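Q: Sequence:
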Amino acid sequence: MHTSVRDNFPAFSTRLEGRVKHMYLDSLGNVTIAIGNKIDPVADALDLASLGAPLLRDSNNTKASDAEITAEWTKVKGGSTATTLHLSEPSIDALVTKRLKQNETVLLTIFPGFDDWPADAQLAILSMAWGLGPNALRPPKFQKLRAAIGARKWLNAARECNMTGSGLDKRNAVDRGLFRNAAVSEEPPASDPAVLFLPIPGNRPKRQFGDGPNDPDVAVVQRMFNPARLDLLAPGTFTPGTFDSATLTAVKAFQSGEAALPSSGPFPVTGVVAQLTWACLGEHVPQA
289 MHTSVRDNFP AFSTRLEGRV KHMYLDSLGN VTIAIGNKID PVADALDLAS LGAPLLRDSN
349 NTKASDAEIT AEWTKVKGGS TATTLHLSEP SIDALVTKRL KQNETVLLTI FPGFDDWPAD
409 AQLAILSMAW GLGPNALRPP KFQKLRAAIG ARKWLNAARE CNMTGSGLDK RNAVDRGLFR
469 NAAVSEEPPA SDPAVLFLPI PGNRPKRQFG DGPNDPDVAV VQRMFNPARL DLLAPGTFTP
529 GTFDSATLTA VKAFQSGEAA LPSSGPFPVT GVVAQLTWAC LGEHVPQA
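Note that my numbering has the sequence shown beginning at 289, numbered continuously upward.
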């Protein structure tokens, strides 16, 4: 994977999963730790030390025994939030790095051209693997997505990036935006594929009708509303850098399209470009 993807993956994933040093139950009822790292069944919790992430006692930062780990895991699985064991910050980083590399190894067997993809496309598929597990992307699942990726049709890949499951709606939106970034990066003149376009951490200001003139963030939104990029009716003529009525129409059409996609969940159709719309639209700001 590109260095920009590897270096930014922890910060990217923390925004979606949080960074938690104690065991907790995720939205699916799985015992989890660190940055969305599932440790369920209990054998996975006991295996953390072999991955460079030993669980430590809160009381004195010494390594916990297998019996203590099993006892705490069982309590958390039963719904308890009272914990006495934790991972160190370096251990969290080590665990994420190890799992990311493991996921990449599996993805290379599914997507042989992965190493040559634009950085944003790599991050998108690694994000999907983080949410579902990499083997969930093997045939026969996600057939249309794999076909789009095989043809390097990143906009088609964005439309087929629809994971199902509790808590995956935001990740779907972000990953679709990443595939759209990949499409923009390959438009002539093509960008360096190693450059990641998604801003990390990615905070962008809210933009709405009346904003401008000469607003660079409004201009970013308007650049994406090109019928060759998005399945939208021709939005009319924009006043560059001004959130005018044509821009408002295009934003609402885009949001309505996202809301209609399978498993997208409650996507807001407000005409306001806030964080979820920014993420799904794609954020085309080159990063070193």
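Just so you know, these hints were derived from the structure itself, not from any lab.
Being a predicted model, the structure only gives us computed values, none of them experimental.
Watch out, some of these pointers could steer you wrong.
Here are the simulated DSS-like pairs of lysine-lysine, each with C-alpha atoms no more than 25 angstroms apart in a straight line [what the hints assert, rightly or not]:
#: 1; residue 1: LYS389; residue 2: LYS363
#: 2; residue 1: LYS441; residue 2: LYS494
#: 3; residue 1: LYS326; residue 2: LYS441
#: 4; residue 1: LYS309; residue 2: LYS386
#: 5; residue 1: LYS363; residue 2: LYS351
#: 6; residue 1: LYS389; residue 2: LYS309
#: 7; residue 1: LYS326; residue 2: LYS309
#: 8; residue 1: LYS309; residue 2: LYS365
#: 9; residue 1: LYS389; residue 2: LYS326
#: 10; residue 1: LYS441; residue 2: LYS386
#: 11; residue 1: LYS351; residue 2: LYS365
#: 12; residue 1: LYS351; residue 2: LYS309
Q: None of the hints should be skipped; say for each whether it holds.
A: Hints, verified against the model:
1. LYS389 with LYS363: 30 angstroms, violated
2. LYS441 with LYS494: Between LYS441 and LYS494 the Cα gap is close to 29 angstroms, so the pair fails against 25 angstroms, i.e. violated.
3. LYS326 with LYS441: 32 angstroms, violated
4. LYS309 with LYS386: 16 angstroms, holds
5. LYS363 with LYS351: Holds, because 19 angstroms separates the two Cα atoms, which is no more than 25 angstroms.
6. LYS389 with LYS309: 21 angstroms, holds
7. LYS326 with LYS309: 13 angstroms, holds
8. LYS309 with LYS365: 16 angstroms, holds
9. LYS389 with LYS326: 16 angstroms, holds
10. LYS441 with LYS386: 30 angstroms, violated
11. LYS351 with LYS365: Within the cut-off at roughly 21 angstroms; holds.
12. LYS351 with LYS309: 14 angstroms, holds
Of the hints listed earlier, those the structure fails to meet are numbers 1, 2, 3, 10, in rising order.
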